[in-house]
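2 protein chains.
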Amino acid sequence: MLRDIIHKGKEKEMDNLALFGGKPVRTTPFLDWPKAGKGDLEALKRALEAGSWGGHPEPNTEAAAFAEKFAARHDMKYGICMNTGTEANRISMRSAGLKPGQEVIIPSYNWISPITSVTTCGGDPVVVDIDPDTHLMDLTLLEAALSDKTAGVVSMHYTGRIVPPEPILEFCKKHNLFYVEDCAQAHGGRWKGKAVGSFGDAAAFSFQASKILTAGEGGFVGTNNLEIANRAHAMVDNNRQKPWFTEEIRFPEVTNSRMSEFLAALLSSQLTRLDEEQVIRQKNARLLHDFMSEIPDVGSLEPVQDETTPAYWKFVITLGEPLAGISKDVFLRALMAEGIPAEPGHVPVHIHPRTTLSRDNWILVSRQEGRGAKSLPVVEHLATRVHVWLPHGILLGSEKDMEDIATAVRKVRDGMLGVNNKESTELAKTTRQVWYESAEV
Amino acid sequence: MLRDIIHKGKEKEMDNLALFGGKPVRTTPFLDWPKAGKGDLEALKRALEAGSWGGHPEPNTEAAAFAEKFAARHDMKYGICMNTGTEANRISMRSAGLKPGQEVIIPSYNWISPITSVTTCGGDPVVVDIDPDTHLMDLTLLEAALSDKTAGVVSMHYTGRIVPPEPILEFCKKHNLFYVEDCAQAHGGRWKGKAVGSFGDAAAFSFQASKILTAGEGGFVGTNNLEIANRAHAMVDNNRQKPWFTEEIRFPEVTNSRMSEFLAALLSSQLTRLDEEQVIRQKNARLLHDFMSEIPDVGSLEPVQDETTPAYWKFVITLGEPLAGISKDVFLRALMAEGIPAEPGHVPVHIHPRTTLSRDNWILVSRQEGRGAKSLPVVEHLATRVHVWLPHGILLGSEKDMEDIATAVRKVRDGMLGVNNKESTELAKTTRQVWYESAEV
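Line order of the protein sequences matches chains A and B.
Per the numbering used here, residue 1 is the first one in the first sequence, and the count goes up by one each step.
Per the numbering used here, residue 1 is the first one in the second sequence, and the count goes up by one each step.
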C-alpha cells in the first residue's frame, strides 16, 4: 500500500529501496548497547560477596563510592544515587525547593518523566517551545513563562546538546528561582570546559539502559549545595535522618528510592570507560556531520557553540525541505529497512499520549502566542518532520559504519524525492500510529 | 548510669551480664543475611552478557521468568516485578481499585510503606489495633473501621504469621471491598496448604535486603485477576500499553518502577533455595519455641493455627510480666551485649516519627474507643514492652546457635529481674531514644 502511494516518485531509485524489496545497504548489525566490558563481572561479584546488597544503610558502600566519583567527574561536590532517572527528576526538583502549587518552566522537547515529576510534586509544568535556531529550549520565552507561582527552571540537554547556562542563571538570579539541569542525555558533557550538572542548583542524571552511562536502570542527583544534597539523601531513604544532618529534614511524601549495590558497582566499572568512549563518539560524529553535509536536503545538529565536550546521546539527522514535507515516518522506516537502527525521537510532552491524561490543561508558551499558547509550533514541526535519531552505541563503531550510514541516508533521500505533498498527507495518516508506537525511548 | 539505676536488682546475676562487663554468652557471629549461594554469580553473569540490563521492554526476560516462577510458588496466575516493596504496596492497592479520597483499613503494627502508599495514592489509612490474642490485625474491628469511603483492606502478615483470610474475605465480599495481602514478611508461607498472596485480590511482596527472599532491593505484585495484573504492568512502566491489553489503561500518576534484570536473575537463583531454607528455619524455630517456653517470664509467638508452612521472617520473643514491666529496651540491649543480634521490631505506624508528619490527623480504631480512637493500646503495649525480634538469617544456623540464644535469654532474664517498676520508668526515659534509632528495619 505504501508502495502504491509513493509510486509516482522516481521509479528506479525507489525500487532500489530495501523498504520496497531492494538490497539493503547494511546487513550486519551495528554495535549494540549497553556493552559489558572489562571489570564489569568483577564489580558484580564484589557486590555479591560483600553481603550487603541493598541501598540501606544509605548511602551504602558501592553507592557512596560511585556517587563520589561521578559527582567529581561533573565538577560537583555531592552526589546521591537512586533507583531511576524518574526519581532523579522528582528528587532534584523537590530538594531544590519545588513546593505543591508552584510552577516549573520546562521545555516540551523532553522525555515524559521531567513533566510527570513536576505533577508528582504537586506542581504545574509551564511548557515552553524550542528555539528554531538551536533546537533547544527557547530561552527568549523565559520571561513570558514567568508567573508569581514560578519556583524554578528545569532544562533538558536534548540528545546531549547543552542548553547555554548563562541566560538561565541570569534569569533565575533575577527572579530568585532554582535552576535544575536535566542531564539524563548529557553524561560527561562540558561547556567552556566545565561539566554539565555543575551550572544549576542541582542536576538529575539517568542510568536507564539507553543512556551513555548505564546499569539498565538507575538515577543520580548531583549538587554543590549541601542542604540540597541532604534533602535528597532524606528523600531517597524514607526520610531517614543521617548522622551528618545539622537539622531535621522531613518531606510529607515518604518513599524508598535507594540504588542497589549491584547497579552502583557496575556503574563504577562502566565509568572508567566514559571518557575514552566519549573521544570515539566525537570522532565518529565528526565524520557523520561531514557526510550529512554533503547530502542534499539533509543535515545534522552540530554541537552547540561553547560545548567543549559534546556528549552525543543521540546523533540527530535533520530533514530539510522537501524531505520534511514528505514524511519523516517514511524516511525513518526506509532508513531502518536499509539496516540502520534509526529512531523517531521524542514525542513532544504536551502531545504525548501518556502524559496528556495526567493534566486537563497544559500551560504552553510559544513565541507567537506567549503564555497561554494553544500549540508549540517549533517543537511540533521539529519532532514530527525534521529530527531523526541515531543512538550513541553505533557511534562507538568503525569509520566503515559511518560510511554505511551515509550511504543509506543518501539512498533513502534519492528514493523518496519524487513523492509530492498531497501524497505525503496520505502517508502521514498511515504511518503516524507506527511513529507513536516506536517512539518509546 | 544504667548500672546505677538497676543496682538494686539481683546483684550477682546482674554483674554477670555482658552489658555490665560480664563475659558474653556468644562471641562468634551468627549466620549473616543475605547469603550468596550456588548459581548466584552465574545468574548475574547471564544478565550481564544478555546485554539488556533494564526493565524495558517490560517485562524483560529475567523479570518475566522470575515473576512466573514466584507467582506459581504462591498459587497465583500473574506476577509483576518492580524496583521496591514500597512500589509493590502502592501498585497493589492502586491496581486493586484504590482511588483518591477513599479509605484503606490497615493495621498499625506495620512497616511505614504500606501507610505512606495509601497517602501517595491520595487515600486515607484507617489504622486498626492489634488482636491481644493473635498479635495480628484485630479482625473484630473491621466493621467499626468501615465508612462509606472504604475501598479495601490491606493486611500485614506480621513477621510471617498469616492473618486468617476467611473473616477478611467475608467482610470484603459483604461490603464490596478489595483485599490486598501485604506479604513482605511472609514469602513462601502457606495457610491450610494454600500460599500467602493467593487469598486476596492482589498481594505485595518485598525483596529488600532483610527479607526471606532478597536481591537487596525489589518488589513484586501477584494476583489471580488479569485486569489487576494488566493495571500493575501499566503502572510499573510509565503507563505503557502492552500488546496483550484488551483495553486502554492510563493512570494519572506516571512513573517507572521496573526491576533491573540483574536483580531478577539473582532472585531466580535465590528462589531455588527458598523451600529448603524454610525447612531449616522451621526446625530451628521449633527448637527455640521449646527453649523459650522453659524460661520463666519469657515466651514466643507460635505459628498461627492453620498455618501449614510458617515463614518466620522474624522469630518473636515475648516478654511476660514482670520483664515487660521493666524495660524492653534494657532487655534488648542486654541480649545484644550477650552476642545475640536481637532487634526491637516495628514502631507502630501511628506513632512512627517518619510517618506522623505526613498526616495531621490519624484515623484510629481500637476496641475501647472504636473509630476515632485517641490511641491503640494493644499495639502500643506489644511494640514498646513485649516483642523482641530475632532475624530469620540466624534461624538457618545450627542447633548450638539456638542453644546459645536460649542461654543468653535465660541469663538476661535472671539478671534483670530485681529491677522494680519505678526504676523502670527512669530506664525507659533513658533508652527510648535508642529504641527509636535502632528500629529502622
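Everything labelled a hint here was simulated from the structure, so no lab data went into it.
None of the values given here were measured: they were computed from a predicted structure.
Treat the hints loosely; a few may be bogus.
Stated by the list, open to error - Here are some of the chain B residues that sit facing chain A, going by a computed Cβ distance under 10 Å:
#1 F30
#2 P34
#3 S52
#4 G55
#5 G85
#6 D148
#7 F207
#8 L213
#9 G216
#10 N225
#11 M259
#12 L263
#13 V279
#14 P341
As the list claims (entries may be wrong) - Now the stretches of chain B that chain A is said to cover, found in silico as 3 or more residues with beta-carbon under 8 Å:
#15 37-46
#16 232-245
Claimed, not checked - Cut-off 20 Å, straight-line C-alpha distance, at most; resulting in silico cross-link-like pairs (DMTMM-like, lysine to aspartate or glutamate):
#17 A/K45 with B/E49
#18 A/K45 with B/E42
#19 B/K38 with A/E170
#20 B/K23 with A/E42
#21 A/K77 with A/E49
#22 B/K35 with A/E170
Glycine included, each C-beta is placed from N, C-alpha and C at the ideal position.
Each hint, compared with the structure:
Against a cut-off of 10 Å between C-beta atoms, the interface hint on B/F30 is violated, since the closest Cβ of chain A lies about 13 Å away. Given hint, B/P34 at the interface with chain A, holds; its Cβ is 6 Å from that chain's nearest Cβ, closer than 10 Å. Taking 10 Å as the C-beta cut-off, the interface hint given for B/S52 holds, the closest approach to chain A being about 7 Å. Nearest Cβ of chain A to the Cβ of B/G55: about 6 Å, under the 10 Å cut. The hint holds.
With a cut of 10 Å, the hint placing B/G85 at the interface with chain A holds, because the nearest CB-to-CB distance is about 8 Å. Because the smallest distance between the Cβ of B/D148 and any Cβ of chain A comes to about 26 Å, over 10 Å, the interface hint for this residue is violated. Taking 10 Å as the C-beta contact cut-off toward chain A, the hint placing B/F207 at the interface holds, the least distance being around 9 Å. Contact between B/L213 and chain A, as hinted, is not supported at the beta carbon level, the nearest pair being about 12 Å apart and thus beyond 10 Å.
The restraint placing B/G216 at the interface with chain A holds, with a minimum CB-CB distance near 3 Å, inside the 10 Å limit. Interface hint at B/N225: violated, since its Cβ lies 23 Å from the closest Cβ of chain A, which is beyond the 10 Å cut-off. Taking 10 Å as the C-beta cut-off, the interface hint given for B/M259 holds, the closest approach to chain A being about 8 Å. Given hint, B/L263 at the interface with chain A, holds; its Cβ is 6 Å from that chain's nearest Cβ, closer than 10 Å.
Hint on B/V279 is violated. Least Cβ distance to chain A is approximately 23 Å, over the 10 Å limit. Because the beta carbon of B/P341 sits about 14 Å from the nearest beta carbon in chain A, more than 10 Å, this interface hint is broken. Here the segment 37-46 of chain B counts 4 residues with a CB under 8 Å from a CB of chain A, which clears the bar of 3, and the coverage holds. With a cut-off of 8 Å between beta carbons, the segment 232-245 of chain B has 3 residues touching chain A; three or more are needed, and the interface restraint holds.
A threshold of 20 Å between alpha carbons decides the hint, and for A/K45 with B/E49 the separation of about 14 Å falls inside it, so the pair holds. Between A/K45 and B/E42, the direct Cα distance comes to roughly 10 Å. Compliance with the 20 Å bound is thereby established for this hinted pair. Among the hinted pairs, B/K38 with A/E170 is inconsistent with the structure: their alpha-carbon atoms are about 58 Å apart, more than 20 Å. Taking the CA atoms of B/K23 and A/E42, the gap is near 41 Å; set against the 20 Å cutoff, the hint is violated.
In summary, the hint linking A/K77 to A/E49 is not supported, as the alpha carbons are separated by about 30 Å, beyond the 20 Å threshold. The hinted pair formed by B/K35 and A/E170 fails the criterion: a straight-line CA distance of about 53 Å is larger than 20 Å.
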